[in-house]
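Novice: Take a look at the letters that make up each chain.
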Amino acid sequence: MASVVEDIGKRTIENLDYVGSLNIQLWSTLRAMKSALPLVGNRYRWQATARQILEIGYDALPMISLMALCAGFILAMQGATELRRFGARGFVIDLVVVAFTRELGPLLTATAVSGRSGSAFAAEIGTMKVTEELDSLRVMALEPIEIVLAPKYLAALISIPCLSIVCNLFGIIAGGFFMFLSSRLSPLLYFRDVLDSIALRDVITGLIKSIAFATIIVHVSCLEGFRVRGGPDSVGRSTTSAVVKSTFLVILADAVFPVIFYLTGAQ
Amino acid sequence: MMPIISVRNLVVEYDGRRILNKLNLEVEAGETMVLLGGSGSGKSTLLRQILGLERPHSGNVIVKGVDITSCSLSELKKIRLSIGVAFQSAALFNSLTVEENVALPLREHTALAPSIVDLMVWMKLAVVGLADFGKLQPQALSGGMKKRGAVARALSLDPEILVLDEPSAGLDPIVAAELDELILLLKQTFHMTVIVVTHEMASAFRIADRIAMLHQGSFRLIGTKEEIKASQDPHVRQFLDRVPEDLANQTIVSTFFQKYLEKKEVFQ
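Keeping their order, the protein sequence lines are chains V and P. Read in order, the letters of the first sequence correspond to residues 82 to 348 in our numbering. Read in order, the letters of the second sequence correspond to residues 8 to 275 in our numbering.
Just so you know, the hints here were simulated from the structure itself, not pulled from any lab data. As the structure is a computational prediction, the values presented were derived from the model and not from experiment. Think of the CB as a built atom: it goes at the ideal place given N, C-alpha and C, for glycine as much as any other residue. Accuracy of the hints is not assured; some may be wrong.
So the derived label-pair ranges between C-beta atoms look like this [to be verified]:
1. V:F329 x P:R244: 54 to 60 Å
2. P:A138 x V:R318: 39 to 45 Å
3. P:E234 x V:R318: 44 to 50 Å
4. P:E61 x V:I94: 20 to 26 Å
Extracted from the complex, chain P is given alone in its bound form (with noise of 0.2 Å):
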């Protein structure tokens, strides 16, 4: 079968500076794979890719069957709309409500009746638990509700795929836990693919069928859970065992603090 996403050497640069070194992923059809890395390691740059918002030095990635790298606008946009994407920073419009929010791709995509248009936001808001929230602004809401705010505008047009970057990032751990099995549950009940990008162990390990993982652009190693587990590369071991990556800096670091310490009496 084919993967409903194939990034096939994707090489990405910024001012000359090399980001994402010559990647391939396959993702299959109604599976969780979940980009994990540390900061910096490309993993959001992957993902703009993947949603056609910047092109790439070189390489293709393939949506549905459709290369985005070189496709029109007009393609590129039928692509976009079996697509559901939640930001990191959630991104709701600040100058409409939540309920106007979720609308909006229902009332820019569809000739639907706006009564039918209601009951649809109703119902992707009452999926993520927001629907007594509807009519509050974005501001008025916690971090935690405005992400799942921005996860029920992802659903309401009902893509195949749904991407999520970074969707418990600065979040406390229970709601973070929540988020994830919401994630859990959007995938048991609507059979969607599902990109999570993150940088969460926990996170990653409870919702990821795959789990690829990036280290300075490129995949140090794609597979499931138990695969990503008992590998012995270096980096990965290192994001598993929250080792420093490098133990010189950790040196520089401690001496810094320690001469802090010990002139103290100069900063006061």
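The shape of chain V in the complex, shown without the other chains (with noise of 0.2 Å):
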């Protein structure tokens, strides 16, 4: 009994101690963006950010194109053949829309996101701790917070919400085909008709959404990378724990969010 106990109260320390170290480092970091910001930030460090804001979203947009695609269209035929049943087959358009610029649009963007880019700044940020290029900034006076997380931070920020509005265009464009090829509901119909279900405030509150997510993603990935103690094998494994903590938690955001919009009328 006194182990289990003991346990408990190890792991509460532990985690208090990984939510203590996420907020440390989340307004460090804010307070190192200044310097990534173009025009009056640091010239290398937005050269940083715009490289990684490349890496971030435009390496990712086949990837995300394609998942939206496909989830869109799997979501039309689906919705459609249960919305038969009641006589409502012209409500799939407003499912598609609603979908997937209040959930799907954010969330699958995040959870692509967080595989490519999150496991890639565990591994960046990890292997940089274990061959001492971190204490080397370190030692030349230089913050890694600054010089490392602040570019990925501000890229983020900009590039997940704009995969997001990327990713609702495919779903709603794969859900127009799905109409087309089930109905022959010509395409110009369809996109009219998605222009009267489509709601600013679900795409406002879903770019909130992608805000949050990225935050999630770059803090808790890079937190995982700074943490590595030890050789290799420990890159690999913070690695995997930067994709697994970080889907867990947007996932776990994602469920909190519509409590929230609700609560304050966004939604």
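Fit the two chains together into the complex; they arrive one by one in their own frames, and the hints show the way.
Specialist: What follows is the structure, encoded as structure tokens:
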């Protein structure tokens, strides 16, 4: 019994330590973000941010687009099968639009970025830790948070909402493709219905979620990298841990957001 | 004259295990101090303390009159600007070219025009003999070249103190001797204080003004090369004469080896 209590206490302290470290890292990054901004910031840091935007955003476009096309097509198909029973097949368009702008767009994007870029962040920072590159930044009187993390965070804050919009767009296009195949609904009519169904507040709440997801992915992944101890094997473990933890926290946050939006009247 | 680096009663513990035990050391400005000791003796741990990368359990490390164990981060950064460090693994940034690695501290801490930065980078690379290799990525360099690249980066801000962690580790004797020569040359030319961590005795006796001999987290002896050579301290002698630390272990190893030779066919 004592060992169970001891174990619970130990885990609690570990989790509190983790949350505390995440908070400290987040505030330190926010303070260091100015240097990563264009014009007012450090030229080299902004160049690093631009590179990261390409890596997180541009390079992920094919993957996100394909995922959105598949998810949109499947959603429309499954929705049509069920809604047809009630003679409400026309609502498939609303279903696809609302599902993507509110939920699927930000969530699919975050899941893809977490697996793709989150793992890369953890591996990169973990390797830098193991090879003493982070120490070498510190002894040069440079802050790893400012040099390594701030450009990544700024890039993610720009890229992930953009990817989310692309995801919405491709999901909706896939829905239109299904409607054309199944009921010969013309693309023009479909997009007119889409414009009727789309709500600006859904798009905005989706973007707010994307920003929160970007924060979770970048900070969890980078913290996992910074916490690497030992050799290359721990880099591998931190990479896995980064993807698992950030994906889990993204889904958890996605479950909390509707409650917040409901209470604040945003949805 | 006040020493440039002063270590006072330094105690470092990891998970309750004492790594450094009440160390006292003073390094004078302009001298080359070699921290000599076997694997696990605490050399690199002491170096990390001198660089302010870790906080000690107790004791102080005073660099240029500032206690870096209790100073603010901004004070620590100021001190760090006057220290150039080349780590054991060289720790050059793989995403940057050698030139960019050397230019990094200059770009971050000075407002020099890019053309001046380029010129200074070339000079630093020329000093270490890498002027023709600046455009390469660090992974394209040999072990010795990487270490020289790390020295060039450490020199980029013209530091007062140069710290080298195991500069000759993993290098062949010729390249290691070249690095020793480079350290001597740097000291003569730039009159800097040099701290070198090593377990290579030949290298230590070649470059040192004084040697601090570490054994199991304590200094056995701090003195000139002659004092170290003349020392009758058993641990110092053991190290100098390359005698295994524990003779009992030597017997165990030879017993295992004998058993292997006897039953070699079992393993085949």
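Novice: Taking the hints in turn, state whether each one holds.
Specialist: Going through the hints against the structure:
no.: 1; hint: V:F329 x P:R244: 54 to 60 Å; in the structure: 58 Å, holds
no.: 2; hint: P:A138 x V:R318: 39 to 45 Å; in the structure: 41 Å, holds
no.: 3; hint: P:E234 x V:R318: 44 to 50 Å; in the structure: 47 Å, holds
no.: 4; hint: P:E61 x V:I94: 20 to 26 Å; in the structure: 22 Å, holds
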